[in-house]
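Line by line, the protein sequences give chains A and B. Counting along the first sequence from 1, when you hit position 338 you're at 338 in my numbering, and nothing is skipped either side. Counting along the second sequence from 1, when you hit position 107 you're at 107 in my numbering, and nothing is skipped either side.
I should point out that these hints are in silico values taken from the structure, not numbers from a laboratory. Every value quoted in this text rests on a predicted model; they were computed, and no experiment measured them. Careful: at least some of the hints might be erroneous.
[Stated by the list, open to error] Simulated restraints, written as ranges between beta carbons of each label pair:
1) 14(B) to 439(A): 42 to 52 Å
2) 66(A) to 52(B): 52 to 62 Å
3) 79(B) to 168(A): 52 to 62 Å
4) 79(B) to 365(A): 39 to 49 Å
5) 14(B) to 358(A): 24 to 34 Å
[Claimed, not checked] BS3-like cross-link-like pairs, simulated, lysine-lysine; straight-line CA separation at most 30 Å:
6) 50(B) to 235(A)
7) 424(A) to 99(B)
8) 3(B) to 477(A)
9) 477(A) to 50(B)
10) 438(A) to 99(B)
11) 51(B) to 372(A)
12) 397(A) to 3(B)
13) 16(B) to 397(A)
14) 373(A) to 10(B)
15) 387(A) to 10(B)
16) 50(B) to 69(A)
17) 10(B) to 179(A)
18) 110(A) to 212(A)
19) 64(B) to 397(A)
20) 10(B) to 424(A)
21) 50(B) to 373(A)
22) 178(A) to 365(A)
23) 239(A) to 179(A)
24) 10(B) to 397(A)
25) 477(A) to 51(B)
26) 50(B) to 372(A)
27) 477(A) to 64(B)
28) 438(A) to 50(B)
29) 372(A) to 11(B)
From the three backbone atoms N, C-alpha and C, an ideal C-beta is built for every residue, glycine too.
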Amino acid sequence: MYFLDNYEKISIIICFAGVAKLADALGSGPNVRKDVGVQVPSPALKGEVLKTIDIRADFPCLKRERNGKPPIYFDNACMTLKPSYVIEKINEYYTQYPACGERSTHWFAKEVDNAVEESRFLLKELINAEDEEEIVFTKNTTEAINIVAHSFPWEKTDIILTTDHEHNSNFIPWYMLKKHGLIADYIPVASAADNTFNLDHFEDIVKKYKGKIRFVSLSHVSNLNGVYITDNEIKEIVKMVKNQHDDAYVMLDGAQSVPHKRVDVRGLGIDFIAFSIHKMMGPTGIGVLYGRKELLNKKLLPFIVGGGVVNNSFFNKDPVFFKAPYKFEAGLQNYAGMIGAGAASRYLMRIGVENIESHEMRLNKMLTDGLKKFDEVEILPPRDYHKRSGIVTFFIKKLATKHDDDDVDIDEKLNIRANIMIRKGSFCVHSWYNAYKKYWDNFFPGFRPILYRASLYGYNTEKEIDVFLDTMEGILKELDDLPSL
Amino acid sequence: MNKAIIEIFKKFCLDKEHTHSGELEDAHDRVEGSLCPKKGMSDVISFTIKKENNRIIDIRYICKLCDPYMWISVEVLSRLVASGEFNDVMSISEDAFEKVVQVKDSVLNQHFVRARELLSLTLV
């Protein structure tokens, strides 16, 4: 399914500065967004729901079968599938112009530079940044957060706030700053009893440490259970954080939000956001750090340095760094990844992230309602699907969920019987899991369940949810002889 | 599975009043290991232990992804070692275990032996 031919044919010959003009030049054909030259799907304009089957054909791996059954991929919070469009844009780089960017002046190198800058432009459009120069390519979300953590001019009196259910990527960097004595404290602000973000409590903490909070870094959507912070709450957070300290900043971990919902960095008023391209139908090994231009240029001093970040260096004085984003992109870059990121961004905008969000919400309701019918299944709070993005994390209220050594666990049974791929574990939120002991102990002393996570995306279908629930029903029946709590 | 095993599992492991399932916040020692690495993600057992004068004065365990055999083994083992000398752990015999559970089951015994080895690691 190709829908961008005209744009692509033209875009290959344009230079960075000409991208926006190109979009204008595309004219105002039916359903064309002038700013990016991307065709908006007509269902979105008509307010119709996304027909997932339309995009499923774009994903080669969804055409595979095992034991006569198709794959049912519910591990999207970890990694998303890749459409042909993205794969072919990456292939195009390797087969047509596999050269260095940002250094050489020859034919292929120019094409790399153009393609990379076009990607930056598309990513800027995706999150409504002001300028392409606010888009820094990184390896992933983790690296993006680390760049901020290790490039920011901390003072020893600074306090950093996060929530209590952060992915290790948005926890360990701050924890280590405290451990190394670079800041005064790191505080994971407690969530409400149902695991949702507690703005009142957050405000109490801000008041308590007024004037000392220098940085706030929050998961926009939690990979643990899909809990999200609303746009209005984020605006409130930005306001209260900046009111108490005139040099304080707010960052979002957008790994689970940017691929699934409309994120408008300017509208939210945030200073930084980090996200990974592999969670938005793009390639692995590439991520994005968005930062406001003046902060990237004047506030942060890069910590990964070397080739590609300076335009001059001397034995007896400081090197002269490039301006952002280049001063943060040290060494030879992942050009295929960068180009793939642009392709993924374009693909995502073509579908419409709003369409993906509403589609996931519908599937989430169906999955949540279905799981609630099983007595043995407990959905990790909040149980209300409205309070979660397209993620349903659950556990089984039994001390034992397998009969013996030869029995496999529930996720493996789903995989073996119906090609259903989910995730189990602590999802890199060990700190929360370990601190949540009292909740588990309420079921039974020392009860530490395995968590199972089904995470959805635009290509998932209602039929897949039905198969999942039917398969779960069969598995749970086989565990009937093992007592429930 | 063997109905007798499920009955023993219910009897020893679902008794909230007497279970050793849990964690000791002020433990002196902690040992964690996987005992049934046969398929997929293995079980993980962790013991937390409080000691005094070379004696175990309290012990708790967390049994994650354990099957009933392992639950029974670690629960009964915990009961047997409570208040025991450290050196005694490895000397707790399968006979003593069978006497408590009142069943002869080779699979259950194998699990018990593995649990005993794991616990002894932290006490030697």
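Hints violated by the structure (listed by number, smallest first): Violated: hints 1, 3, 5, 6, 7, 9, 10, 11, 15, 16, 17, 18, 21, 22, 25, 26.
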